[in-house]
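S.K.: Top to bottom, those sequences are chains A, B, C, D and E.
1 is the number of the first residue of the first sequence in this note's numbering; add one for each residue after it.
1001 is the number of the first residue of the second sequence in this note's numbering; add one for each residue after it.
2001 is the number of the first residue of the third sequence in this note's numbering; add one for each residue after it.
3001 is the number of the first residue of the fourth sequence in this note's numbering; add one for each residue after it.
4001 is the number of the first residue of the fifth sequence in this note's numbering; add one for each residue after it.
These aren't lab readings, by the way, just hints derived from the structure by calculation.
Certain hints may be false.
Claimed, not checked - Here are some of the chain C residues that sit facing chain B, going by a computed Cβ distance under 10 angstroms:
#	residue
1	Gln2158
2	Gly2200
3	Arg2224
4	Leu2239
Ideal Cβ positions, reconstructed from N, Cα and C, are used throughout, including at glycine.
What follows is the residue order along each chain.
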Amino acid sequence: MDSVVQRVVQPVVQPVVALVDVVAVLGSFPALAGASLSVNRGEILLLRGPNGAGKTSLLRLCAGLLPVERGTATVLGCDLVADRTSVRNRVGLLGHSNGLYADLTVADNVRFWGATVGASQHEIDASLTRMGLANRLADVQVAKLSAGQRRRTALACLVARRAELWLLDEPHAGLDATGRDDLDVTLRSAAAAGATVIVASHELERAGALATRVVEVVGGQVRQVAE
Amino acid sequence: MDSVVQRVVQPVVQPVVALVDVVAVLGSFPALAGASLSVNRGEILLLRGPNGAGKTSLLRLCAGLLPVERGTATVLGCDLVADRTSVRNRVGLLGHSNGLYADLTVADNVRFWGATVGASQHEIDASLTRMGLANRLADVQVAKLSAGQRRRTALACLVARRAELWLLDEPHAGLDATGRDDLDVTLRSAAAAGATVIVASHELERAGALATRVVEVVGGQVRQVAE
Amino acid sequence: MTGFMTSTTSPAPSDRAPTSTTFSRALGTAALVGIGWLIVFGLFLSPNDRVQKKGVRILYLHVPSAWLAYLAFIVTAISSAAYLSKRTRSLTWDRLAGASAEVGVLFMGITLLTGSLWGRISWGVYWVWDSRVTTTAFLFVTYLGYLAVRGLGGTHHQRARRSAVVALLSVLEIPLVHFSVEWWRPLHQQESIANGKLSGLMLFSLFIGVVVFTLMYVWLVLHRQRLLAMQDALDDHGLEFAIAERREEAVF
Amino acid sequence: MNTWRIARLVAAKDLRVEWRSRVVLNQVLPFAALVMVMFAFALDNDTVLTRVAPGLVWLATMFSLLVIVQRAFAVETADGALDALQVAGVRLGGIFLGKAIALAAQLAVLELMLLAAAIVLYKTEVVADGIVLLVTTFVAATTGLAFVGTLYGGLAAGAKGRETLLPLLMLPVVAPVLIGATRATEAALGTENATPSDGWPWIGLLTLFAVVFGVGGTLAFGSLIDE
Amino acid sequence: MNTWRIARLVAAKDLRVEWRSRVVLNQVLPFAALVMVMFAFALDNDTVLTRVAPGLVWLATMFSLLVIVQRAFAVETADGALDALQVAGVRLGGIFLGKAIALAAQLAVLELMLLAAAIVLYKTEVVADGIVLLVTTFVAATTGLAFVGTLYGGLAAGAKGRETLLPLLMLPVVAPVLIGATRATEAALGTENATPSDGWPWIGLLTLFAVVFGVGGTLAFGSLIDE
Ligand code: HEM
Ligand SMILES: Nc1ncnc2c1ncn2[C@@H]1O[C@H](COP(=O)(O)OP(=O)(O)OP(=O)(O)O)[C@@H](O)[C@H]1O
Ligand SMILES: Nc1ncnc2c1ncn2[C@@H]1O[C@H](COP(=O)(O)OP(=O)(O)OP(=O)(O)O)[C@@H](O)[C@H]1O
Ligand SMILES: [Mg+2]
Ligand SMILES: [Mg+2]
Chain A
1 MDSVVQRVVQ
11 PVVQPVVALV
21 DVVAVLGSFP
31 ALAGASLSVN
41 RGEILLLRGP
51 NGAGKTSLLR
61 LCAGLLPVER
71 GTATVLGCDL
81 VADRTSVRNR
91 VGLLGHSNGL
101 YADLTVADNV
111 RFWGATVGAS
121 QHEIDASLTR
131 MGLANRLADV
141 QVAKLSAGQR
151 RRTALACLVA
161 RRAELWLLDE
171 PHAGLDATGR
181 DDLDVTLRSA
191 AAAGATVIVA
201 SHELERAGAL
211 ATRVVEVVGG
221 QVRQVAE
Chain B
1001 MDSVVQRVVQ
1011 PVVQPVVALV
1021 DVVAVLGSFP
1031 ALAGASLSVN
1041 RGEILLLRGP
1051 NGAGKTSLLR
1061 LCAGLLPVER
1071 GTATVLGCDL
1081 VADRTSVRNR
1091 VGLLGHSNGL
1101 YADLTVADNV
1111 RFWGATVGAS
1121 QHEIDASLTR
1131 MGLANRLADV
1141 QVAKLSAGQR
1151 RRTALACLVA
1161 RRAELWLLDE
1171 PHAGLDATGR
1181 DDLDVTLRSA
1191 AAAGATVIVA
1201 SHELERAGAL
1211 ATRVVEVVGG
1221 QVRQVAE
Chain C
2001 MTGFMTSTTS
2011 PAPSDRAPTS
2021 TTFSRALGTA
2031 ALVGIGWLIV
2041 FGLFLSPNDR
2051 VQKKGVRILY
2061 LHVPSAWLAY
2071 LAFIVTAISS
2081 AAYLSKRTRS
2091 LTWDRLAGAS
2101 AEVGVLFMGI
2111 TLLTGSLWGR
2121 ISWGVYWVWD
2131 SRVTTTAFLF
2141 VTYLGYLAVR
2151 GLGGTHHQRA
2161 RRSAVVALLS
2171 VLEIPLVHFS
2181 VEWWRPLHQQ
2191 ESIANGKLSG
2201 LMLFSLFIGV
2211 VVFTLMYVWL
2221 VLHRQRLLAM
2231 QDALDDHGLE
2241 FAIAERREEA
2251 VF
Chain D
3001 MNTWRIARLV
3011 AAKDLRVEWR
3021 SRVVLNQVLP
3031 FAALVMVMFA
3041 FALDNDTVLT
3051 RVAPGLVWLA
3061 TMFSLLVIVQ
3071 RAFAVETADG
3081 ALDALQVAGV
3091 RLGGIFLGKA
3101 IALAAQLAVL
3111 ELMLLAAAIV
3121 LYKTEVVADG
3131 IVLLVTTFVA
3141 ATTGLAFVGT
3151 LYGGLAAGAK
3161 GRETLLPLLM
3171 LPVVAPVLIG
3181 ATRATEAALG
3191 TENATPSDGW
3201 PWIGLLTLFA
3211 VVFGVGGTLA
3221 FGSLIDE
Chain E
4001 MNTWRIARLV
4011 AAKDLRVEWR
4021 SRVVLNQVLP
4031 FAALVMVMFA
4041 FALDNDTVLT
4051 RVAPGLVWLA
4061 TMFSLLVIVQ
4071 RAFAVETADG
4081 ALDALQVAGV
4091 RLGGIFLGKA
4101 IALAAQLAVL
4111 ELMLLAAAIV
4121 LYKTEVVADG
4131 IVLLVTTFVA
4141 ATTGLAFVGT
4151 LYGGLAAGAK
4161 GRETLLPLLM
4171 LPVVAPVLIG
4181 ATRATEAALG
4191 TENATPSDGW
4201 PWIGLLTLFA
4211 VVFGVGGTLA
4221 FGSLIDE
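Using the sequences and the hints given, assemble the complete structure.
M.R.: This is how it looks when you write it as structure tokens:
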């Protein structure tokens, strides 16, 4: 099963994510207003905080999708200020939307995203099994799936990408009981295999149990939370 | 505050929702395969069950969006088999997607949906306040909102519609702590004012605490759950 | 899926349920014989035209196919209306509409084909931007669209409602085609038959052509309609299994 | 609430969407202008141009119509608002009329611009006594086009790959309008020394067309978009 | 992984989407055919027609191109797959090439059909020694169009109201192709007794165009779709 996360990660000295006083704007609005955060390898970090606080923006920034306006940001040793695209092929992002091709089948989708990192057929199947999709659903068009089944597919695609840094935006939302368990197992084993995981979620009990550390995002800033 | 749910509901003798052995198909797939359910006025019913079980289909059927293939279905006294559109103006549905106009502002959206039932400006404002949107957000384009803020807007639109039967698909997903509280308060007061509420959700603790009764949807059928 | 109304009535298809009956067989034979007659009269007995020479013989295919295509589309419209009216609502009407439209498209195709061949002979070109020729092409495409709409999916009754509306709107193009020649750019033959510009024998051959095409039309529609009925029945039959399978999910 | 109020509501909403997004103004109008220029390019031959100018005006209108209709229903389907509308029990006839009105308003602006462009680009001059005919033509044609566009736009809105199904359905149906409007315009502009009197018969066709689709649409829209 | 493998991956994916949805086949091809008929219809004069037939072929190609490109990027943006692609670190140059290849394949089919239609409808006949020129023209033009289409399609994909922004961006740029291809085709078909030798200079223009946008696109695509 671990084959899906077996990409070798050379030990890094500095933290995987190191943000200092980061400002990032959407349109004219500073979604991040001086956020500082440091995440070490193997951590599972939970971002909580009110709606519109900046969690999604933070994740997108770490994925190199959102430019850094001010401050310094280093992810997986890449300086995002200098070139935010440099980090991309090594992170995996699951946003609010799934990023699936509705006309293709579940298997097609996972195969495509797996192929972008040269995953083998065996790894593809492993990813499908991980999210409980290795059944009749594998060959159903995504357009026909239920909301939760789509979320599972998106997660399977993420697993197949074997990233070093996993960024997930409300991964539990829409998943049923078994789906949530599958997810937690997957994230834990990914972290155990040396990947780093950052989860933004409003389901504090569930995600809190999963996380090794919790921080709160408020008003575009990151606030430490006492255990 | 109750003004938003003050539409007078004349007492109904038969249950608000009465489904008997209902079959409904999506494409060629029987999403509902002999579902029977009866819901009384003032209840808050929780639908739980695995992904793809048929919860969304059940809600859409009650809203008159999904035709009844076999069996009998009566909602708010309207026979859906004879004419599934007859019930529509009296139910409110919040699906997985929000059904908002991204180019319009939050207030525009709530005003439009309120207007479809002739809601007054005061009722519109009340709905906005209910979901904590009576602030700078009221005049922001929906396209610019965060996921949770959109969900709040969709809920505000639903409140403004003052339906007799509320159908909600995972209403808690994406909402922050205060949002969830606002939601629960809203639904409780709606039920207290004589509306009926059916919620499909995977957050069993949260939704379970809210609900007055729980049923499980599995394989397109409804199964009673022992307390 | 068929709605509750017909799902009970439509028979479970057995593997050797034929689409033909003694009647339709008789019809088919009659059509074949008729074709023989048409060949005899059309190609040999009927005289050459003064202007058109042998070319005129295309008339016996060209015109009947056109008229029968009209008829087919009108039948489609009527049965669509029958479906839409609450009292007579039944998927049988919908299937009839579908079958008739399919045959109509086929015949309109024949008209276009023979027409353009004839055009090559008498105008020297396959295609002209004559009003009737073009409107015919549009009519043809419109019903292709109609068939596309039938293929959109959804339940059988959704299919029926949608396509019925389209059929009722599309049929309005027929007068456009018929009268277009009077309206502008008349290059195509004007009303020549109605105002008896044809010799007796020509008229008779044309008559045979019309009869033959009518027979073929009825025969084709009967079979297509039965085939569609079987497909729908098959869906219902499949639904039984699908439901059973779906209920299995609940066991675990 | 009655069909007419719904229509006003929907029309107002659509126009407000346009007001906030400015898409038709900033993008479709220039597009139409471009199409005219392109035609001029493709058949760079003044005598030919002036001769076919009326036809080209209406061709360009037709293509712009396609774009506007697509946009009008993209707005509805993007976030499942069409579902919401149906559930809101908003009378579908009302939606039809409302969207048709908004569409007609936008088309009218467009056509005026195209005519102006034609007069400039193709050096067609308007003869005084043709004005009345010209105006009548534009009114009748615009109404007809708006109705057809809304009707088939709604039909295609439900379908997969809608952006491409629409043209297939619409173009053959609007062909008569194309003919009628072109001939009438020619008559009005005195192209090939046609006289206004030649034009009036065509107005009959255009009006008939508008009436048929107006009535048909108001009655049938429901069954078309009802999924 | 290298740009070229990505390109193959993306192209294969796009063609598979078309294979599963059949949208271009079932809807765009008929649309293109219709456009031809409409033109012929609006122009409505045989001598004019044969004269401008080559121009019309390319005009129709252009409009179909718009539709196909729109579809190609609707697929990417519908569920935020474009974001996912960027994060997947899929080299953007690779995406560009891949989508361009798939687009060119579909365009080629389309043009063949249009040419056939033109020959029948407009009575243009192909002279033997023009064949080579004709083929070269189609190859050069198709490549150019595919590149431009992909480039601006990607640019518009990010923008609001993209379905209408695209034509505006693209048409002016493809105008040179329109002219060049038209003239070259005229030469090949001997319209207005032009001889093939007149055509070759235009091929130069077309090739230059293709090269510029091919190189430019591969380099600039990233910065374009990166918001
Ligand atoms: C592609 C080209 C053509 C098409 C699409 C076409 C189409 C049609 C159609 C639809 C009709 C039925 C008219 C009605 O009764 O409403 C018709 C009738 C007829 N066509 Fe053609 N036609 C074409 C070419 C020709 C040519 C080249 C000729 C001969 C020169 C021709 C001769 C006739 C005649 C004589 C009739 C019967 C007219 C009457 O009395 O109603 N057609 N054609
Ligand atoms: N153009 C804009 N103008 C004004 N405000 C904007 C604009 N774009 C984004 N915003 C605001 O930026 C914030 C985006 O935050 P983000 O999406 O990261 O929140 P989040 O923490 O993910 O919230 P949620 O929990 O709801 O997902 C929101 O408050 C939104 O209102
Ligand atoms: N055309 C189709 N072919 C096959 N299966 C289909 C088709 N359309 C829908 N389905 C199936 O029908 C079911 C739809 O169920 P529904 O969306 O109601 O589930 P749900 O209970 O809402 O699930 P979730 O909790 O994930 O939202 C899914 O299992 C889906 O796979
Ligand atoms: Mg968020
Ligand atoms: Mg659901």
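S.K.: Now tell me if each hint is right for this structure.
M.R.: Going down the list of hints, with the structure as the test:
1. Gln2158: holds (7 angstroms)
2. Gly2200: violated (57 angstroms)
3. Arg2224: violated (22 angstroms)
4. Leu2239: holds (7 angstroms)
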